[in-house]
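Trainee: Protein sequences, first through last, are from chains A and B. Just so you know, we're using the working numbering here: the first sequence kicks off at 1 and counts up by one. Just so you know, we're using the working numbering here: the second sequence kicks off at 157 and counts up by one.
Here are the simulated DSS-like pairs of lysine-lysine, each with C-alpha atoms no more than 25 Å apart in a straight line:
(1) Lys48(A) to Lys204(B)
(2) Lys221(B) to Lys48(A)
(3) Lys2(A) to Lys28(A)
(4) Lys167(B) to Lys48(A)
(5) Lys167(B) to Lys65(A)
(6) Lys65(A) to Lys26(A)
(7) Lys65(A) to Lys48(A)
(8) Lys48(A) to Lys182(B)
(9) Lys204(B) to Lys65(A)
(10) Lys65(A) to Lys158(B)
(11) Lys221(B) to Lys11(A)
(12) Lys187(B) to Lys67(A)
(13) Lys31(A) to Lys67(A)
(14) Lys2(A) to Lys31(A)
(15) Lys187(B) to Lys48(A)
(16) Lys221(B) to Lys2(A)
(17) Lys11(A) to Lys204(B)
(18) Lys204(B) to Lys31(A)
(19) Lys31(A) to Lys223(B)
(20) Lys26(A) to Lys204(B)
(21) Lys67(A) to Lys28(A)
(22) Lys167(B) to Lys67(A)
(23) Lys223(B) to Lys48(A)
(24) Lys158(B) to Lys184(B)
(25) Lys67(A) to Lys48(A)
(26) Lys158(B) to Lys67(A)
Bear in mind the hints are in silico, worked out from the structure with no lab data behind them.
Number of protein chains: 2
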Amino acid sequence: MKVLSVVGYSKAGKTTLIERIVPILKNKGLKILVVKHALDFEMDREGKDSWRIFNAGADVAIASKDKLAFVSRIGDDLDEICSIFNFYDLIITEGFNRACKDRIVVLRDPEEIENFRCGRILAVVCDESVEGFRTFGFDRIEDLAEVILEWFYEGR
Amino acid sequence: MKVLSVVGYSKAGKTTLIERIVPILKNKGLKILVVKHALDFEMDREGKDSWRIFNAGADVAIASKDKLAFVSRIGDDLDEICSIFNFYDLIITEGFNRACKDRIVVLRDPEEIENFRCGRILAVVCDESVEGFRTFGFDRIEDLAEVILEWFYEGR
Chain A
1 MKVLSVVGYS KAGKTTLIER IVPILKNKGL KILVVKHALD FEMDREGKDS
51 WRIFNAGADV AIASKDKLAF VSRIGDDLDE ICSIFNFYDL IITEGFNRAC
101 KDRIVVLRDP EEIENFRCGR ILAVVCDESV EGFRTFGFDR IEDLAEVILE
151 WFYEGR
Chain B
157 MKVLSVVGYS KAGKTTLIER IVPILKNKGL KILVVKHALD FEMDREGKDS
207 WRIFNAGADV AIASKDKLAF VSRIGDDLDE ICSIFNFYDL IITEGFNRAC
257 KDRIVVLRDP EEIENFRCGR ILAVVCDESV EGFRTFGFDR IEDLAEVILE
307 WFYEGR
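Looking at chain A on its own, in the form it has when it is part of the complex (with noise of 0.2 Å):
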């Protein structure tokens, strides 16, 4: 399992970008997970089932035929996170700057590379070219999907 994290601003086009990688991804047979970071969210409706099993202090799963919902206590620590789904083949975070995983940089402006360099950057994704990166504006997702197939299949 690998893990690669798509870090930028706010409204820097990172949500647009996973939607548009992850079926290119997932045609080649990469099992795929996003994890996102949000500052809360609400688990259910008050009220509702497994709202009330969740107050009770469990954590609670719901599985319907083809889909499984999970809420628990676990948080935000992306090491506990990707311990626990270690069966995906990959797992891209959205955001997750500071855990300084291998990386693709979503840039409105090329300055802001400078708040983003931790970890291995294998791209930078940016309208304007972005000097010392491999610089894709934001049309080229396939060229951008082939470098992470690279990435993902180094060494293997």
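Model the placement of chain B on the given structure of chain A, informed by the hints.
Mentor: Just chain B now, kept in the frame of chain A:
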């Protein structure tokens, strides 16, 4: 990790029972996951980021400082669910009768027991006594918790 099922017909009181048992077991230091079965559920609101990424083909986790939510295509195979979430001390299933795990049976009527005879029946919860089984009324949650704890620590 041990697995305990709470089985019984719809509206028999399974959720309420679990909601009342969980805090008692949690107070004993057990890390508990409750797995519920659902015919279907919506993973998120259409258009939201997590919905977009799920629909692009990836499974999705959303992490905040103190909670983690996860939506996947894993489905309702109980053994698979238990193998993923094996870091809990106790997995309580609501339903999953046919998995034949050790169980508490919640009955509105003693005759219903016939449909839940599989696995090991630790106790029956019913307003009337049920022949051949330790039976507890819905008011004897503490005693029922004792039975569960005995079972949990068996052979340790």
